[in-house]
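Visitor: Top to bottom, those sequences are chains A and B. Note that the first sequence covers residues 1 to 316 in our numbering. Note that the second sequence covers residues 1 to 306 in our numbering.
Keep in mind that the hints are not guaranteed to be accurate.
Covered stretches of chain B, as calculated for chain A (at least 3 residues, CB under 8 Å) [what the hints assert, rightly or not]:
(1) 94-104
(2) 107-118
(3) 219-225
If you want the ones that stay clear, here's a sample from chain B, every Cβ over 12 Å from chain A, calculated [unchecked claim]:
(4) Gly7
(5) Leu29
(6) Ser43
(7) Gln46
(8) Val62
(9) Tyr67
(10) Gly91
(11) Phe136
(12) Phe144
(13) Leu161
(14) Gly211
(15) Leu212
(16) Gln263
(17) Phe284
(18) Leu304
(19) Ser305
Just so you know, the hints here were simulated from the structure itself, not pulled from any lab data. In this text, a Cβ means the ideal position worked out from N, Cα and C, and glycines have one as well.
The lines below spell out each chain.
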Amino acid sequence: MSVALQVSDLRLAIGGVNVVDGIAFSVAPGEVMALVGESGCGKSLTAQALLRLLPRQVRQTGGRILLEGEDITALPERRLRQIRGRRISMIFQEPQAALDPLSPVGAQVREASGLASVAAREAVRRMLAEVGIADPDRRIDQYPFELSGGMCQRVMIASALISRPAVLVADEPTTALDVTIQAQILDLLRRLAAERGTAIVLITHDMGVVADIAERVAVMYAGRIAEIGPTAAVFSRPRHPYTALLLAAIPRLADEPKSRLAVIEGSVPQPSEYGAGCRFVGRCPFADARCNAEPPPLLETDDGHFSACWHTERLA
Amino acid sequence: MLRHIAGRVGQAIVTTFGVLTLVFFLMRLSGDPTLLLVPQGASAHQIAILRHQLGFDRPLIVQYVAYLRQLLQGNLGMSLVQRMPVASILGSRIPYTTELAAGSLVVAVGIGIPAGVAMAVWRGSLLERSLAALVFAGQSMPTFWSGILMILLFGVVLGWLPTSGVAGLPSLIMPSIALGALSMASFARMTRIAVLDELSRDYVAAARARGLSLGAAVVRHVARNAAIPVVTVAALEIGNLLAGAVIVETVFAWPGIGQLAIQAIAARDFLVVQAIVLFVSFVFIVMNLLADVVYAVIDPRIRLSS
Chain A
1 MSVALQVSDL RLAIGGVNVV DGIAFSVAPG EVMALVGESG CGKSLTAQAL LRLLPRQVRQ
61 TGGRILLEGE DITALPERRL RQIRGRRISM IFQEPQAALD PLSPVGAQVR EASGLASVAA
121 REAVRRMLAE VGIADPDRRI DQYPFELSGG MCQRVMIASA LISRPAVLVA DEPTTALDVT
181 IQAQILDLLR RLAAERGTAI VLITHDMGVV ADIAERVAVM YAGRIAEIGP TAAVFSRPRH
241 PYTALLLAAI PRLADEPKSR LAVIEGSVPQ PSEYGAGCRF VGRCPFADAR CNAEPPPLLE
301 TDDGHFSACW HTERLA
Chain B
1 MLRHIAGRVG QAIVTTFGVL TLVFFLMRLS GDPTLLLVPQ GASAHQIAIL RHQLGFDRPL
61 IVQYVAYLRQ LLQGNLGMSL VQRMPVASIL GSRIPYTTEL AAGSLVVAVG IGIPAGVAMA
121 VWRGSLLERS LAALVFAGQS MPTFWSGILM ILLFGVVLGW LPTSGVAGLP SLIMPSIALG
181 ALSMASFARM TRIAVLDELS RDYVAAARAR GLSLGAAVVR HVARNAAIPV VTVAALEIGN
241 LLAGAVIVET VFAWPGIGQL AIQAIAARDF LVVQAIVLFV SFVFIVMNLL ADVVYAVIDP
301 RIRLSS
């Protein structure tokens, strides 16, 4: 199986603390891979690192990012500009904020195409039609404020995919949209990934979105991957206590009315509170001395299903 | 859009009327100009005759109504001191003031906007700190001081530039710098804040994710968005430059409106002072209307929503 994107041992530091600490995963062409976790777990920084667009205060302290086999971690900015938008691109959480309010949407899609005027207009028009925008001839010259949030996200997707990149990073692409639009956008992403062979890295905190679209999922906790594997396997047989508790916390229609919501006791540790061992130790029902002392390695528990826990067998 | 502009014009007329009324009565609180017009040793009778001729013996409210009536006919009246129509006195000064304002605007915009953009884009660098020092200097040096220092250095010691008066482009340089420095600081600060604000927005990250360099993103996207607050500042600053050159014009003996204002106030030349107030109000009205039009040109949300 070929690989569109391979991340190994990615470490990102703010100050002296590794807020992303040894993340590794790979995505195949046409595959949707979800990075799921709470705010502050490092998933958005990971997304920014993939495009080499990290905030200034964040340093990469280790790891490699291979885009179609090429290591892009050490490339100079000039080379990176040729890669961004062409071979790896990104869509954002708030589509209306991610579009320049003063520039027609078609012009912003064209910007990513690298094409000159006449050919570009036709290419943009086709791309807008492909992402399901009705009446692209009219929409192409409209401004973001004239379009709905869902339509703006379609425009963003068009601009991200017009140059046929190998990888699309989607950072919470549906969080700001209402539920019916959310489903349409997810359908669109899934269809485009399949049709065009685009690998999608989906950043989300929403287990429902993961279940809906992702073939594989990596559950992140406090800058590390807790568990990674095929979505169906992770959901049906979680091998990490954090995943298990997360899934148990999803409210269900069958729940008794007015019953208490399940929660994970405690809160996510701040980077300054990270200890030597497992970072979930303060909230984990299985925690013991070893968990406090030594970080658990990410080990394969089933076929393609990995978990970083000393007590995996207790969840079997 | 047109209705919006009409509303603004209506507002401006009311404001101008209020200011004019205030100035009319305030000026008359300072006493009546008859005493300044008669030669020393004139008898009380002669003064009374002159006062009657000039109409200053009438009740204030009658004088006020007469003034407004005359104004509505487009007549600014005659200067008491110079015995000339106020309109032609003002007319002879406006070109100088405009010239100085234009020179100052070149200094203010030419340095202020690039400095503001650079301070935002290279935030935290040595360049930013050097420019901040320049802006701080422009903002804090009083013009009567910086003007005189410049005259000393470039006019007297080095002899590169004329010390004062109007003599072509060289004579415009120092007053433009003295007057433009404060505006330059306003432009630089506003531009810096506006650009910083825009740089933090998602659309900049999105543009960079499409492969644009930071510079290209600034030119293609940030510049227009950041221009909106800068236009607001520009309207005010151009108004200030046209109206607020009193000190600089005095220091450099520049025969503009500011110098005229000082002379007219000292001589209680009421109609000239009132005409200057009218002119200044007019300048601010026009600048604000222009700013409204420019907003609409820049921002489709304003242009298309009305």
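Visitor: Now look at each hint and say whether the structure bears it out.
Guide: Evaluated hints:
A count of 0 residues in the segment 94-104 of chain B with a Cβ less than 8 Å from any Cβ of chain A is obtained; the coverage claim is therefore unmet, three being the minimum. Judged by the Cβ-Cβ criterion of 8 Å, the segment 107-118 of chain B is not covered by chain A as claimed, because only 0 of its residues qualify and three are needed. Given as covered by chain A, the segment 219-225 of chain B passes the check, having 4 residues with a CB less than 8 Å from a CB of that chain where 3 are the minimum. With a closest Cβ-Cβ approach of about 23 Å to chain A, Gly7 of chain B is found to remain outside the 12 Å limit, as its non-interface label requires.
The Cβ of Leu29 of chain B lies farther than 12 Å from every Cβ of chain A, with a closest approach of about 50 Å, so its non-interface assignment holds. In this structure Ser43 of chain B is separated from chain A by more than 12 Å, as the shortest Cβ-Cβ distance comes to about 72 Å. For Gln46 of chain B, the shortest C-beta to C-beta distance to chain A comes to about 69 Å, beyond the 12 Å cut-off, and the non-interface label holds. The Cβ of Val62 of chain B lies farther than 12 Å from every Cβ of chain A, with a closest approach of about 55 Å, so its non-interface assignment holds.
Distance to chain A confirms Tyr67 of chain B as a non-interface residue, since its nearest Cβ pair spans about 47 Å, more than 12 Å. Distance check on Gly91 of chain B: its Cβ is at least 41 Å (rounded) from any Cβ of chain A, clearing the 12 Å threshold; non-interface status holds. Listed as a non-interface residue, Phe136 of chain B keeps its Cβ farther than 12 Å from every Cβ of chain A; the least gap is roughly 25 Å. Interface exclusion of Phe144 of chain B from chain A stands, the closest Cβ pair being 42 Å apart, more than 12 Å.
No beta-carbon of chain A comes within 12 Å of the beta-carbon of Leu161 of chain B; the shortest separation is about 42 Å. A beta-carbon of chain A is positioned within 12 Å of the beta-carbon of Gly211 of chain B; the least distance is around 4 Å. Not every CB of chain A lies more than 12 Å from the CB of Leu212 of chain B, the least distance being 7 Å, so the non-interface label is violated. For Gln263 of chain B, the non-interface assignment is confirmed: its Cβ lies about 47 Å from the closest Cβ of chain A, beyond the 12 Å cut-off.
For Phe284 of chain B, the non-interface assignment is confirmed: its Cβ lies about 27 Å from the closest Cβ of chain A, beyond the 12 Å cut-off. Distance check on Leu304 of chain B: its Cβ comes as close as 7 Å (rounded) to a Cβ of chain A, failing to clear the 12 Å threshold; non-interface status is violated. The Cβ of Ser305 of chain B sits about 8 Å from the closest Cβ of chain A, inside the 12 Å cut-off, so the non-interface label is violated.
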